[in-house]
Each structure stands twice: as structure tokens, then as C-alpha cells.
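Chains as they are written, first to last, in my numbering: chain A, 1 to 128; chain B, 1001 to 1113.
Hints were generated in silico from the structure; no laboratory data involved.
Incorrect hints may have been included.
Claimed, not checked - Listed next, the in silico SDA-like pairs over lysine to any residue satisfying Cα-Cα at most 20 Å (straight line):
1) B/K1051 - B/E1061
2) B/K1051 - A/N99
3) A/K74 - A/S32
4) A/K44 - B/E1111
5) A/K13 - A/S41
6) A/K44 - B/Q1048
7) B/K1045 - B/S1083
8) A/K82 - B/P1101
9) A/K44 - B/G1063
10) A/K44 - B/L1003
11) B/K1051 - B/G1063
12) B/K1045 - A/S32
Please read these numbers as outputs of a predicted model, since none were measured by experiment.
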Amino acid sequence: QVHLQESGPGLVKPSGTLSLTCAVSGDSITSSNWWTWVRQSPGKGPEWIGEIYHTGAANYNPSLQSRVTISVDKSRSEFSLKMTSVTAADTAVYYCARNIVVVVAASVSRVRTRLDPWGPGTRVAVSS
Amino acid sequence: DILMTQSPDSLAVSLGERATINCKSSQSLLYSSNNKNYLGWYQQKPGQPPKVLIYWASTRETGVPDRFSGSGSGTNFTLTINSLQAEDVAVYFCQQYFGTPLTFGQGTNVEIK
Chain A
1 QVHLQESGPG LVKPSGTLSL TCAVSGDSIT SSNWWTWVRQ SPGKGPEWIG
51 EIYHTGAANY NPSLQSRVTI SVDKSRSEFS LKMTSVTAAD TAVYYCARNI
101 VVVVAASVSR VRTRLDPWGP GTRVAVSS
Chain B
1001 DILMTQSPDS LAVSLGERAT INCKSSQSLL YSSNNKNYLG WYQQKPGQPP
1051 KVLIYWASTR ETGVPDRFSG SGSGTNFTLT INSLQAEDVA VYFCQQYFGT
1101 PLTFGQGTNV EIK
């Protein structure tokens, strides 16, 4: 059974850096899947932050790209999120998730199809 | 970004009745090379992360009860919950994976009438 677990500080000061780590078990972090960060503010839909492949290739949400870095540590089976210059608007529950890759024969392509499983989430507040 | 809009925002349904949730995307999610719609549905219960129910617009995830079904193509999609059970009370989100950034709808809150 695949399990993901977020960890990191629950409180970050404005203008500071948010740092979270996601520990992966039950699946190899070097599998064909991508590893994703998503956040959710109260009462809103989830917001995709970005993703990383075990090679280090990463994609980011353009709205956050200038402030976000996602990295992977294969030896520890972990991937991490760093977000700089945080403000109150970054207060949210942060989730890590696996994005399952499926090979689609008809188009000879590998498609990231769904986020499963998700970690339980970690609440991060930005406040002085 | 592809904008995902769900309707209604909230829905109250009697136990055993059908719930229908709609999702509209700002551009087509149908990839012509493989004729697949890049659309998923998630269920989120209070205090829990979202859980995938449906992908490819209509493929049920392993272990998801068959009262959940997805339909639609292009820009218009529907999640149907047949014979609503008490454990189906949750917020439901649609999500596109046609392009990055991945985007979600605003959510539909399903309650018991």
C-alpha cells in the first residue's frame, strides 16, 4: 500500500520561506509516476503547486513559479517543497500526492492521469 | 489556465435518490489522438484529503462503488451518484489534466435532504 506523509513547520512568518517534505513508502520514488504538491485554502478547490519526476525534471504553476522550488531526494525516498516570500495568502493545507502515469497505446504517450494517494495534509499558517 | 466551473455549488438529495453534478471546462479536454477526455472527479470528506473516484471522464477507480458514474465529453461533464448513501456526504471536485497547471473546479457540496 502506497503511503505519503507531509512534514514541516506549521507556522511561517510573513516574507519567510515555507519548507515541507513528503516521505514516500510503498512505491519507488524512481517509478514512472510523478510526485505532486497541492494546496487548499478553506472552502476552496485544491490548487496545483507543481510536480517532480525522479530525474529532477519539474513543472510549476505559473502563478507560483517565481517563488517555488520542488526537489527530490531518491536516497531518502522523499520530495520537498520550498516557497519563498510567503504572505497570508499562502496559508492553507498543503498536500503531497502521487500522480499515476498510464501508457496510452493509441497515442503512444505517457499520461499523468490521477492524484492517488494523497498524504493526510499539513496545515501551514503564515503569521507573525 | 483551463478554468473548471461546477454546478450547483451545493446539492441536497434524499437517501436513495440520485445526485447529479455538472462540470464545464473553458476548453475541450478531448485529446483527438486517443479520443480520451482528460477529466477526473474527486470526493473530499471533512478533515480528509481528496480521493479519486473517476478518471478519463468515465473510468471508475478500483474500489469505488458502482453507484458513482462519470459521463460527458469535450467541455461538459457529469458525475452521477445513484442511490445516495449517508457516507456519500462530501464535497466533489472535477479536475482537468489536459494541460498544466492542473486545475480543479470550485467544488459541489452534497448533503442529505
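Against the structure, the hints:
Among the hinted pairs, B/K1051 with B/E1061 is consistent with the structure: their alpha-carbon atoms are about 10 Å apart, no more than 20 Å. As the CA atoms of B/K1051 and A/N99 are separated by approximately 12 Å, the hinted pair is consistent with the 20 Å bound. Of the supplied pair hints, the one linking A/K74 and A/S32 holds, its CA atoms being roughly 13 Å apart against a limit of 20 Å. A hinted pair counts as satisfied when its Cα atoms are at most 20 Å apart, and A/K44 with B/E1111 qualifies at roughly 17 Å.
Of the pairs offered as hints, the one joining A/K13 and A/S41 holds, with about 18 Å between alpha carbons and a cut-off of 20 Å not exceeded. Under the criterion of a C-alpha separation no larger than 20 Å, the hint pairing A/K44 with B/Q1048 is consistent with the structure, at around 14 Å. The straight-line distance between the Cα atoms of B/K1045 and B/S1083 is roughly 18 Å, inside the 20 Å bound, and the hint therefore holds. Between A/K82 and B/P1101 the CA atoms are separated by roughly 18 Å; this keeps the pair inside 20 Å, and the hint holds.
For the hint pairing A/K44 with B/G1063, the CA-to-CA distance comes to about 27 Å; that exceeds 20 Å, so the pair is violated. Of the supplied pair hints, the one linking A/K44 and B/L1003 holds, its CA atoms being roughly 14 Å apart against a limit of 20 Å. For the proposed pair B/K1051 and B/G1063, the alpha carbon gap of about 11 Å is at most 20 Å, so the pair holds. This hinted pair does not check out: B/K1045 and A/S32 have alpha carbons roughly 29 Å apart, beyond 20 Å.
Of the numbered hints listed earlier, those contradicted by the structure are 9, 12.
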